[in-house]
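Use these hints to put chain G onto chain W, whose structure you have.
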Amino acid sequence: METKLYTITVFSENTVGLLGQITIIFTRRAINIETLSVSPSAIKGIHKFTITLFATEDVVSKVVKQIDKRIDILKAYYNTDEDLVFQEIALYKVATDKLLEKGSMEDLIRRYHIRILEMNSDFVVLQKAGHYDETQHLFDELSETVGVLQFIRSGRVAITKSKVERLSDMLEGIQAKYGDK
Amino acid sequence: MLSLVQEGVDTIFGYPGGAIMPVFDALYDYDKHINHILTRHEQGATHAAQGYARVSGKVGVCLVTSGPAATNTITGIGDAMLDSTPMVVITGQVAAPLLGTDAFQEIDVVGITQPITKWAYQIRRAEDIAWAVARAFYIARSGRPGPVVLDFAKSAQVQEVEFDYKPCTFIRSYLPIPEVQPSQIDAAVALINGAKKPFALVGQGVVLSNAEEELKAFLEKGNIPAAWTLLGASAMATDFPLNKGFLGMHGNVAPNMKTNECDVLIAIGMRFDDRVTGDLKTYAKQAKIIHLDIDPAEIGKNVIPDAPVLGSAKDTLPALTAKLNEAKHTEWIASFEEYVKLEYDKVIQREVYPESGEMTMGEVIHKISEATDNKAVLVTDVGQNQMMAARYFNYSQTRSMVTSGGLGTMGFGIPAAMGAKMGAPDRTVCMFSGDGGFQMTIQELGTIMQEQIGVKMIILNNHFLGMVRQWQEMFFEERYSFTEMLNPDFVAIAKAYRIEGTEVHKREELDAAIADMLKDDKPYLLVVNVEKKGMVFPMIPAGACVTNILLGD
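Top to bottom, those sequences are chains W and G. In this text, residue positions in the first sequence follow the working numbering: the first is 58, and each later residue adds one. In this text, residue positions in the second sequence follow the working numbering: the first is 1053, and each later residue adds one.
Hints should not be assumed to be uniformly reliable.
[Stated by the list, open to error] With a cut-off of at most 30 Å between alpha-carbon atoms, the simulated BS3-like pairs for lysine-lysine come out as follows:
| no. | chain 1 | residue 1 | chain 2 | residue 2 |
| --- | --- | --- | --- | --- |
| 1 | G | Lys1337 | W | Lys119 |
| 2 | G | Lys1353 | W | Lys126 |
| 3 | G | Lys1353 | W | Lys220 |
| 4 | W | Lys132 | G | Lys1366 |
| 5 | G | Lys1353 | W | Lys105 |
| 6 | W | Lys132 | G | Lys1218 |
| 7 | G | Lys1366 | G | Lys1218 |
| 8 | W | Lys234 | G | Lys1218 |
| 9 | W | Lys61 | G | Lys1353 |
| 10 | G | Lys1380 | G | Lys1273 |
| 11 | W | Lys218 | G | Lys1249 |
| 12 | G | Lys1333 | W | Lys122 |
| 13 | W | Lys122 | G | Lys1340 |
| 14 | G | Lys1218 | W | Lys101 |
| 15 | W | Lys126 | G | Lys1337 |
| 16 | W | Lys61 | G | Lys1333 |
| 17 | G | Lys1273 | G | Lys1218 |
| 18 | W | Lys119 | G | Lys1353 |
| 19 | G | Lys1110 | W | Lys122 |
| 20 | W | Lys234 | G | Lys1375 |
| 21 | W | Lys132 | G | Lys1375 |
| 22 | W | Lys119 | G | Lys1333 |
| 23 | W | Lys126 | G | Lys1218 |
| 24 | G | Lys1268 | G | Lys1248 |
| 25 | G | Lys1337 | G | Lys1353 |
| 26 | W | Lys126 | G | Lys1366 |
| 27 | G | Lys1547 | G | Lys1585 |
| 28 | G | Lys1340 | W | Lys119 |
| 29 | G | Lys1110 | G | Lys1249 |
| 30 | G | Lys1547 | W | Lys126 |
| 31 | G | Lys1558 | W | Lys126 |
| 32 | W | Lys105 | W | Lys218 |
| 33 | G | Lys1398 | G | Lys1249 |
| 34 | G | Lys1398 | W | Lys122 |
| 35 | W | Lys61 | G | Lys1337 |
| 36 | G | Lys1333 | G | Lys1249 |
| 37 | W | Lys119 | G | Lys1547 |
| 38 | G | Lys1427 | G | Lys1366 |
| 39 | G | Lys1380 | G | Lys1249 |
| 40 | G | Lys1333 | W | Lys126 |
It should be emphasised that the hints constitute simulated quantities derived from the structure, not laboratory data. In this text the structure is predicted, and so the values were computed from the model without any measurement.
For reference, chain W alone in the conformation it holds in the complex (with noise of 0.2 Å):
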């Protein structure tokens, strides 16, 4: 079977250890989590985890089954490339001499949609938010260029495209119809 990026979306309640439990599932599988990505989720006390993976179909819904298994995981799903709005976003630190050496800047900004967070006599911070691909080129050009100082990428967040079932009117679903047990 072939083996693909899959984004993994899990929500849950706010507990400690949570991570622990969803990373040990992948750790017997001797799967690498790509990226991951956790943060408060539009609910209250509910946190969501992005989590990418290089896997076959079969594997990732084994793995999503296994994760959505855990007490205190509400729900797991996985989606590919097509179903989702994605985003990622990287930081690279340059030395501004060798910045100025190249001489103007205006077509990289232009080309690249880069951002400028910090600059001072000897670095600049760029920013620049975008698929993989597309931070990975910006760092390539920058290496080959003027060299990369510092650089850093976040994990993927994404929002899916397709209508899913919403979390809250799932709990509210729920709850309605065992909460009163």
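Same frame as chain W, now just chain G:
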């Protein structure tokens, strides 16, 4: 302590130590409510709690201290996880301010146990005790059961709080029993009603959901022959006419062969373990597969079903039965007989009814089963003794088989038998072990002595680690690497623990020894010296097709 009483706990298996002393001190005042059994090792406490849970259907409870005590429970917790046994293990932990400082007997219990528990939680504040205990019991016993660990900081053990106990019945992120979906029932029924050669596989899910009667009604209405997995043993009585035997590597010939001949395979509360399926690429490819399970993560994990049916067997089986057409399947059922006869002639005859030569495991097990009128609880250790016992012990009621299936824990036998006897005090408990496994938890003879737990222990002594030796003979050119054992005088050891015992060397002595063992309800050790190089047949080699059955002829 009050929380445990609220949950109906009447038996605890434990071992005290520094970080759990305040709880043990409280236990001292609750001896009327809770019977605490002091085991000789924390692993023994966990297996005893498992044995107790498996025969009684209640949650087994362990109480131990921190550090090494907690790590000693790991084997039992892992075993309970793989075999879906409801268990709550309470471990002491250093005082909250010392957490993370490598304090004396501190270990990261939650971190260690997370992969092998349904839930692991650290109680750091007394206010959380009642909540955590309620949640622990709810999680352990509901849905697909499993072990839960409560890591109890010593500082929280000594704080005083107002006691306010509310049983837990709902966790919003946890749906223990999926609702029956009529569309899934309809799809499954359509397959079964259209089947000419239906075949059911019965797993522990039937026992865990108390669906034995529902299973019987289902099988009888459709006249569907059925076979059982190791943990599904005793869900059907041995003499139930549609019971066609034991599945898997050392199972019966007919059910394994018929798996690859049936047209609809109905798996009920079982998980298609590799010891049952052998090579998945050749497993039941001709059949439509229906999979009934309570755990969505089991559906499609190993075998992709044509018709999945999510839910508790207690709910899904009656839903199926209601729409099932009555059928006879006379020819199909009769076709099992050919293989039954083959197995009898080639294997069972010489294993169970040998007329000469050394004693065999099969004959000993069969005789003891008969001597108890097939009413005893069977507990096994792991290895040849386990497979032989599963094959040749007979069952007349459910919850009569306690064994370590998923984890295959040697040393499980003695402590699990203690727990089983505590959980079913009115029943005879027969524990079969090899000479190897018996010595892994032999210290629990001390517990048996102190508590006078009336377990009947039988060592099938072949002076070898028999199952490994069998593989060495079959697959490693008879290179018997470290499998021969020089054993102690087991009866003398039992005597030292004031446990009565006998050793049998000759076939003529066997009946009398069995009668002596079963004469009363006291603990007893029977050592039977069986043939040294006995083999368990039939055998499907690991990873082979289920029809590739070796009969040893």
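Honestly, which of those hints from before does the structure not fit?
Hints 11, 17, 21, 29, 30, 31, 34 and 37 not satisfied by this model.
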